[in-house]
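Asks: All chains, full assembly: derive it from the sequences and hints.
Number of protein chains: 2
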Amino acid sequence: MEENAVGVHNVMEDVVRDTLLSYKNNMNLACDCEQCLSDISALALNELPPRYIANSKYSPYVRASHEADHQGITTIIAVIAKSAALVSESPRCETFVNK
Amino acid sequence: MEENAVGVHNVMEDVVRDTLLSYKNNMNLACDCEQCLSDISALALNELPPRYIANSKYSPYVRASHEADHQGITTIIAVIAKSAALVSESPRCETFVNK
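Protein chains in written order, with the numbering used here: chain A, 61 to 159; chain B, 61 to 159.
Just so you know, these hints were derived from the structure itself, not from any lab. Take the hints with a grain of salt, since some may be wrong.
Chain copies aren't distinguished; within one or between two, either way the pair holds.
[Stated by the list, open to error] Here are the simulated EDC-like cross-link-like pairs (lysine to aspartate or glutamate), alpha carbons at most 20 Å apart as the crow flies: (1) Lys-117 - Glu-94; (2) Lys-117 - Glu-154; (3) Lys-142 - Asp-92; (4) Lys-142 - Glu-94; (5) Lys-84 - Glu-94; (6) Lys-84 - Asp-74; (7) Lys-117 - Glu-127; (8) Lys-117 - Asp-78; (9) Lys-84 - Glu-149; (10) Lys-84 - Glu-127.
Quantities reported herein were computed from a predicted structural model and do not represent experimental measurements.
Replies: What follows is the structure, given as structure tokens:
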């Protein structure tokens, strides 16, 4: 997708992506295509607090703070699992829409 | 900055960028370099609700809903103005840090 014109990045995007990829095999996904994973990520990111940074060199520090925060990561997993259940109920990718 | 690996995009990034560029001349910025504008955007985006989409073709619909929402855009301007005041108090760009 497009680059950000103003140089900002939401580190939560990386945290959600990594968490989703780590746990997707335990989430009974109806489909794990790129489109469905994006749908799950977008839903989850709309529920989680954004963590924007203006300089990507600080990204590891913000990510580390999330990895060390066990309660926080549990919340993130729960939000992703809820989003995954929603998307699995009605997947919108080509595989399912054309069925 | 890096592309998003999972194809999601926060439309609020575009709304904040456009609003900031429209109003920056009325915000008494200490500096309007790219770095300071990114700092202001990142601060504002951390306070505003994210509006992630998984398919960029829907971006105009989400943006239109923000443009039609006068109370919403007033809140966005207020958050950006607060962020701009914070960054203007202590700019971190090279122009100021090396002074």
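Asks: Could you run down the list of hints and mark each one as holding or not?
Replies: Hints and how they fare:
1. Lys-117 - Glu-94: Between. Shortest inter-copy distance 16 Å satisfies the 20 Å Cα cut-off; intra-copy 27 Å does not.
2. Lys-117 - Glu-154: Between copies, since 16 Å is at most 20 Å while 37 Å is not.
3. Lys-142 - Asp-92: within (15 Å within a copy, 41 Å between copies)
4. Lys-142 - Glu-94: Answer is within: at 18 Å inside a copy they meet the 20 Å cutoff, but 38 Å across does not.
5. Lys-84 - Glu-94: For Lys-84 and Glu-94, the Cα distance is within 20 Å only inside one copy (12 Å; across copies 38 Å).
6. Lys-84 - Asp-74: within (15 Å within a copy, 30 Å between copies)
7. Lys-117 - Glu-127: within (17 Å within a copy, 33 Å between copies)
8. Lys-117 - Asp-78: within (18 Å within a copy, 25 Å between copies)
9. Lys-84 - Glu-149: within (15 Å within a copy, 44 Å between copies)
10. Lys-84 - Glu-127: within (18 Å within a copy, 36 Å between copies)
Figure legend: structure checked against the earlier numbered hints; every hint is met.
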